[in-house]
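Participant: Start from chain L and add chain Z according to the hints.
There are 2 protein chains.
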Amino acid sequence: MRVLGVDPGLTRCGIGVVEAGAGRTVGFVDVGVARSQPDLPLERRLLTVADEVERWVARHRPDVIAVERVFSQNNVRTVMGTAQVSGVVALVAARAGLPVAFHTPSEVKAAVTGEGRAGKAQVTAMVTRLLGLDAPPKPADAADALALAICHCWRSPMIDRMAQAQARAEELAAVHRARLAEAQREQGGARPSAAQQWAAARAAADARSAGGWGAR
Amino acid sequence: MRVLGVDPGLTRCGIGVVEAGAGRTVGFVDVGVARSQPDLPLERRLLTVADEVERWVARHRPDVIAVERVFSQNNVRTVMGTAQVSGVVALVAARAGLPVAFHTPSEVKAAVTGEGRAGKAQVTAMVTRLLGLDAPPKPADAADALALAICHCWRSPMIDRMAQAQARAEELAAVHRARLAEAQREQGGARPSAAQQWAAARAAADARSAGGWGAR
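First to last, the sequence lines map onto chains L and Z.
Quick note: the first sequence uses full-length UniProt numbering, first residue 1, plus one each step.
Quick note: the second sequence uses full-length UniProt numbering, first residue 1, plus one each step.
Simulated from the structure, these hints should not be mistaken for laboratory data.
Hints may contain errors.
Claimed, not checked - Example chain Z residues on the side facing chain L (calculated, C-beta under 7 Å, incomplete):
1) L42
2) M80
3) A90
4) R129
C-beta: ideal position from N, C-alpha, C; glycine also.
Looking at chain L on its own, in the form it has when it is part of the complex (with noise of 0.2 Å):
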């Protein structure tokens, strides 16, 4: 699985791809950063960085874009340009058929350094050791973009899993209400009994080994 990370700004868009190994392996594939010039107005410089973010999905063919996922807490004076980037960078995805995935600041410094707290410096030794550099990338954007895709790569499988789980769980129930339901029919629109509940409780149930957690 090929990751492209983005860490949204409109000054500065951090923009790092890696390549998802075995395991817990991580490879580098790229890393650079989109610049728009303050001076320009707002919606030229929303699409500088929206064709610089087309021009490296079209380049490294990412399976899924991880962007940022902006806070409104944060320094509110530029929260809403890097907003509006990250909104810009969803649709280049979207219009490139790419789902996105959103992780927060301290669900990505969790991943790379095991501290949710952790310092830029932390989390830019971490990108560094874990995909083998030799130098630190520069500047803190452009390592806070491989940083995001690194912990794509290691959250996406839980949460694959998490989403199959839940798929599963509302599968099951919709096949517990029908059959509560069929033997409501049958007692002629009584409650059923607590043995028929039980009895419904036990097909979901049996539908749910027959349908083989095991195997996925």
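Facilitator: Leaving out everything else, chain Z in the frame of chain L:
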């Protein structure tokens, strides 16, 4: 001048088109709402809204897109989505070669009702009256988009004049600096005399009146 106003939102994004006439007259062109399903992934929702705005731009060929300026002080839960939509709309405009103007909610309210803290009902009533509509546009997001477009029709001449005045002032200041530097060189690096400074200022003033403020 044809203005396409956008009240950004993920679930409901208001879009309204008006035509600026002579003086303060404004003509109604079209109004609607772009919607996206809340259960879709964010990037698909942004794509849905962007595609719809793109269709409106193609259909109505506006000269400018007016977008509500989003503040992070608003509802924290929805403000990020709103900011992302506004970024995506600005990108659509930039790709179509159109300028984007941002107006704050209070600028919009002040423009159409004369009161920066007017309520939604008051804004809708004034929009209905100003555009000579038979019924108030619904939902409120649609009325807000028309209000934004009207606000832009009325504010843009003022904004343009201010921008022209600023550009003119910068131009004159540059002329002034150039003459001062020339005077300095003539003196062999010594600071210009008061008389030379006065002459340079005088020349700048001449350039200013020759440039013809009256003609603009």
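Participant: Report holds or violated for the interface hint on Z/M80, using the least CB-CB distance to chain L and a cut-off of 7 Å.
Facilitator: Because about 5 Å separates Z/M80 from the closest Cβ in chain L, which is inside the 7 Å limit, the hint holds.
Participant: Grab the minimum C-beta distance from Z/L42 to chain L and call the hint holds if it beats 7 Å, violated otherwise.
Facilitator: holds, 6 Å
Participant: Should the interface hint for Z/R129 be scored as holding, given a Cβ-Cβ cut-off of 7 Å against chain L?
Facilitator: With a minimum Cβ separation of about 32 Å from chain L (threshold 7 Å), the hint on Z/R129 is violated.
Participant: A closest beta-carbon separation below 7 Å is what the hint needs, so does Z/A90 meet it against chain L?
Facilitator: holds, 4 Å
The earlier numbered hint that this structure contradicts is number 4, and it is the only one.
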